[in-house]
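If you're matching them up, the sequences are chains A and B in order.
Its first residue numbered 1, the first sequence is counted upward by one per residue in the working numbering.
Its first residue numbered 1001, the second sequence is counted upward by one per residue in the working numbering.
In short, the hints are calculated from the structure, not lab data.
Since we're looking at a predicted model, the values are computed, not measured.
Careful: at least some of the hints might be erroneous.
What the hints assert, rightly or not - Stretches of chain B that chain A covers, calculated by requiring three or more beta carbons in the stretch to come under 8 Å of a beta carbon on chain A:
{"id": "1", "region": "1024 to 1030"}
{"id": "2", "region": "1060 to 1069"}
As the list claims (entries may be wrong) - Taking CB as the label site, the calculated pair distances span:
{"id": "3", "chain 1": "A", "residue 1": "Ala89", "chain 2": "B", "residue 2": "Gly1043", "range": "45 to 51 Å"}
{"id": "4", "chain 1": "A", "residue 1": "Ala89", "chain 2": "B", "residue 2": "His1219", "range": "57 to 63 Å"}
{"id": "5", "chain 1": "A", "residue 1": "Glu97", "chain 2": "B", "residue 2": "Gly1043", "range": "22 to 28 Å"}
{"id": "6", "chain 1": "A", "residue 1": "Lys77", "chain 2": "B", "residue 2": "Asp1002", "range": "16 to 22 Å"}
{"id": "7", "chain 1": "B", "residue 1": "Leu1096", "chain 2": "A", "residue 2": "Phe8", "range": "39 to 45 Å"}
{"id": "8", "chain 1": "B", "residue 1": "Leu1096", "chain 2": "A", "residue 2": "Glu61", "range": "49 to 55 Å"}
Using N, Cα and C, we set each Cβ at its ideal position, and we do this for glycine too.
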Amino acid sequence: MVVGPELFESMRLELRRGSLVLAVLARLREERYGYTLRQALASDGLEMEESTLYPLLRRLESQGLLTSEWREEEKRKKRFYRLSPPGEAMLSALADEWRGISASLDKIL
Amino acid sequence: MDLIDRYLNAVAAQLPQDERDDIVAELRDLILSRFEAKEEQLGRALTEDEQEAILHEIGHPLVVAARYRKGPDSLVGPELFPYWLFAVKAGLLLMLAVQAVVLFINLISGPADAGQSIAQAFHGFFGTSLWLIGAATVVAALFEHYGVRPKWLTSWRVKDLGAFGLSDPAAWGASVGAAPKVKVWVGPGGKAKAWPGGDHLFSFLATGLFVLWWVGVIHFPALLHIDFRGADAQVSGAPVWTTLYGAILLYAVAQMAVDLASLARPHAVRMRAAAEVVIAGAGLWLTWTIFEAGHWFTLTRDGETARIAGDWAMLDFERLRAVGDGSRDLAGAAGTLSVVMTWVLAIVAISLVFKVVANLWRLVQPEARRDMRPAA
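Isolated chain A, as found in the complex (with noise of 0.2 Å):
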């Protein structure tokens, strides 16, 4: 049976879509600004949506998981993300259930 293009495209942005969390995370453990973080996780083979990105960094910080400051860079004013130390101990929390997640996957596959 031939796999839909379709059906699997739902799948993967599925399988992906929780494990984008973790990406942004982990690369604010170093300060970004959204257009830099952006490129910084294409670079990393994660493509992700402005319309996505910068409302779910919004998200993040209203949870309080990361902290942000506007100042000015290049003539402009941006707005820089880090992981704010409750955001690590969630980063710490959230690597050590995607390994588990992924050594048992490993098993299976």
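Assemble the complex: chain A is given as a structure, and chain B must be docked to it using the hints.
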């Protein structure tokens, strides 16, 4: 106004006031960064089309703004959707039953144009169905918005699930027919148990529908008109309904309150029994008062009137057997409806007496809550 301002204005209009400036400033930086990167790649300034292509990639303003919303993304989320679907299906079946009764009354009243009665029934069904779906969606949307999850949604038990099969008419036969097709939990005593909330949910929906009709929120036009040989006969209520308007409304609302309380605490048997005794007693009084009034409705057509009225003499099986044999004129239809109404009131009174007795029995019975674990 350049493209960026036009785009950002469209986004800003959808955003909450307190976050608008902050989000727009960040989006502006994103767009300018994307433009600069593209200009660097091409080694020249971007044309308007190229700028527009980048804005397209970022997304439609409505979609971009929607992603910043803090509330739920949908009116009925995936968690509530199965409950919403059940409520809509059950409500639609209930309305179908109501319209079928109305249609039956119209047809036995001898309409010259049965097609018109059927069309009216369809019209009534689809109108009230739209209203029902809208109301269910508004309730679900409120639940989603405020994160409300009533206890009966989360604290369910397997033994309480029987009534959910009722949204499938194919399963109805199982409860009244010979060979059940659905598997029903059989308790240790060997007797099938019904979901205690099932009756209350249906009672709540049915009474709610009645209350909305009673206060004039929804209408069943077919209830007020009967077609006689092409002429429209109007049905008007007798004074007894005006006299009892408040009492009937209070009775229905009290019944809904008990149903709601029973849904929240399906095992508070005694509390419910006490309330049901009072309400059934009130129902008996109402039924008696309506019966004693003797005159319930008046049919009017072309200046001619006929009363739908009854007394003890109509509680005769011969009169019941002869229903439908009467003349096809206004007086004949009124006579038929008088017998039907008299018997309906009698049956309602008998069922209310049974309800009072059954609930009094529950009140004096010792509280019994059987362990739900199946016997090993």
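Status of the hints after comparison with the structure:
By the rule of at least three residues with a Cβ nearer than 8 Å to a Cβ of chain A, the coverage given for the region 1024 to 1030 of chain B holds, with 5 such residues. Judged by the Cβ-Cβ criterion of 8 Å, the region 1060 to 1069 of chain B is covered by chain A as claimed, because 4 of its residues qualify and three suffice. For Ala89 of chain A and Gly1043 of chain B, the hinted distance range of 45 to 51 Å is satisfied, since their beta carbons lie about 46 Å from each other. Checked against the given bound of 57 to 63 Å, the beta carbons of Ala89 of chain A and His1219 of chain B, roughly 60 Å apart, stay inside it.
A beta carbon spacing of about 46 Å between Glu97 of chain A and Gly1043 of chain B contradicts the range 22 to 28 Å that was offered as a hint. A hinted range of 16 to 22 Å holds for the C-beta pair Lys77 of chain A and Asp1002 of chain B, which are about 19 Å apart. Our hint of 39 to 45 Å for Leu1096 of chain B and Phe8 of chain A holds, since their Cβ atoms are close to 42 Å apart. For Leu1096 of chain B paired with Glu61 of chain A, a C-beta distance near 51 Å keeps the hint of 49 to 55 Å intact.
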